[in-house]
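K.L.:
Chain by chain, the residues:
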Amino acid sequence: MSKILELPNDLYEKIEETIKGTEFKSVEEYVIFVLEEVLKEEEEAEPLSPEEEAQVKERLKGLGYL
Amino acid sequence: MLVIGIDGATWKVIRPNIERLPHIHQLMEEGSYATIHLTQKPWSPSVWCSMFSGRSSEEHRHKDFVQNGHIVRREDIKVEFIWDLLDKNGISVKALNIPFVVPPYCFKVKFEPVAHGLPIEEPELLEEITKVTEKALEVLNNDRPEVFIVVYTALDRLSHLHWGEPLLVDYYKKIDNALGKLLKYDNEVIVISDHGFCAYDEAPIRTLLKHTPRGEIKGDHHPDAILITKNINFHISQPTDVFYCIKEKYLGQANE
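Chains as they are written, first to last, in the numbering used here: chain P, 1 to 66; chain F, 1 to 256.
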């Protein structure tokens with residue numbers, strides 16, 4: 001199943017230019033790839049900073065895990 | 001199908017307080033319930049990993065939240081989880097706050113766990129129950145998948161430091177209240193813990209250090225976990241069976 005989305009002409013043309021000579025066979029394929037990547041990034045958890053890692057280890061110690 | 005995990009939940013607290021836990025009570029009456037006698041160490045990272053990968057601890061080799069000084073991440077564990085498998089086969093699935101790693105893992109849900117999934121202080125423990133429930137309801141109301149898995153960690157954290165205190169029963173009541181909100185959304189339900197709990201000195205397998213920077217540990221993990229199911233026609237005797245139960249229902253190949 002799929003849905004139809006509209007793209008502004010200038011954006012469509014820009015993508016056509018962008019994908020010339022790449023592995024993308026169509027504007028649609030490129031748009032799907034980009035959207036999937038964006039969504040994946042949004043769903044993935046941010047990695048912990050060194051300070052946050054230290055906090056996690058401190059809490060694990062506090063609970064008797066470490 | 002709705003799978004609700006309650007880290008560290010034990011019949012030792014539920015049974016004597018069942019009249020104060022109306023939603024758990026009702027689910028037990030409508031469905032069936034049992035004790036899971038773990039054959040693996042009652043250790044959260046390893047058991048949750050087994051439950052949703054179908055692999056024994058020897059197979060998945062995920063032993064701890066921290067290994068060789070490094071916090072283990074999902075990418076470090078070389079297994080396919082049930083959500084990966086279902087998603088690959090076009091079955092909609094979401095997972096929220098699964099504590100086989102810290103911070104707990106989410107699949108297709110954007111969520112920031114309270115205190116990196118290790119709530120300790122009372123306000124954090126309350127906030128965890130509220131935040132997990134709110135996010136779960138958001139998922140169930142707005143974009144409900146065929147399979148939704150959600151885990152509460154607060155009872156485990158509280159049981160480490162406050163086992164035997166009246167405060168613990170109050171948190172079971174809060175979890176019961178949260179369950180009441182979620183159980184309305186599905187008729188096929190699994191409620192399960194990764195291990196039980198007991199007084200520290202009564203633990204048949206010692207898993208936690210007794211003295212910590214936050215004081216003395218009062219409770220330790222016990223190998224008897226809880227299981228309550230409704231409309232689930234699959235015999236679950238170990239955590240790994242949850243993986244095979246879901247797999248059989250949606251992909252039809254339980255033990256391959």
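A hint or two may mislead.
To be verified - Partial list, computed: chain P residues near chain F (C-beta under 7 Å):
hint	residue
1	VAL31
2	GLU51
3	VAL56
4	ARG59
5	LEU60
6	LYS61
7	GLY62
8	GLY64
Unchecked claim - Beyond 10 Å from chain P on every Cβ pair, some chain F residues (computed):
hint	residue
9	ASP64
10	ILE71
11	ILE232
None of these hints come from the bench; they were simulated from the model. Just so you know, even glycine gets a beta-carbon here, dropped at the ideal spot from N, CA and C.
K.L.:
Taking the hints in turn, state whether each one holds.
P.N.:
Hints, verified against the model:
At a threshold of 7 Å, the smallest CB-CB gap from VAL31 (chain P) to chain F is about 20 Å, leaving the interface hint violated. At its closest, the beta carbon of GLU51 (chain P) sits 11 Å from a beta carbon of chain F; the interface hint therefore is violated under the 7 Å criterion. Interface restraint check for VAL56 (chain P): the shortest CB-CB distance to chain F comes to about 5 Å, inside 7 Å, so the restraint holds. Nearest Cβ of chain F to the Cβ of ARG59 (chain P): about 4 Å, under the 7 Å cut. The hint holds.
Checking LEU60 (chain P) against chain F by beta carbon gives a least distance of about 6 Å; that is within 7 Å, so the hint holds. The beta carbon of LYS61 (chain P) is positioned within 7 Å of a beta carbon in chain F (closest approach about 6 Å), and the interface hint is therefore held. Hint on GLY62 (chain P) holds. Least Cβ distance to chain F is approximately 4 Å, under the 7 Å limit. Hint status for GLY64 (chain P): holds, given a least beta-carbon distance of 3 Å to chain F, under 7 Å.
Annotated as non-interface, ASP64 (chain F) brings its C-beta within 10 Å of a C-beta of chain P; the closest such distance is 8 Å. Under the 10 Å C-beta cut-off, the non-interface status given to ILE71 (chain F) relative to chain P is violated; the minimum distance is some 6 Å. Against the 10 Å criterion, ILE232 (chain F) stays outside the reach of chain P, whose nearest CB is about 28 Å from its own CB.
This entry does not satisfy hints 1, 2, 9, 10, going by the numbered hints stated previously.
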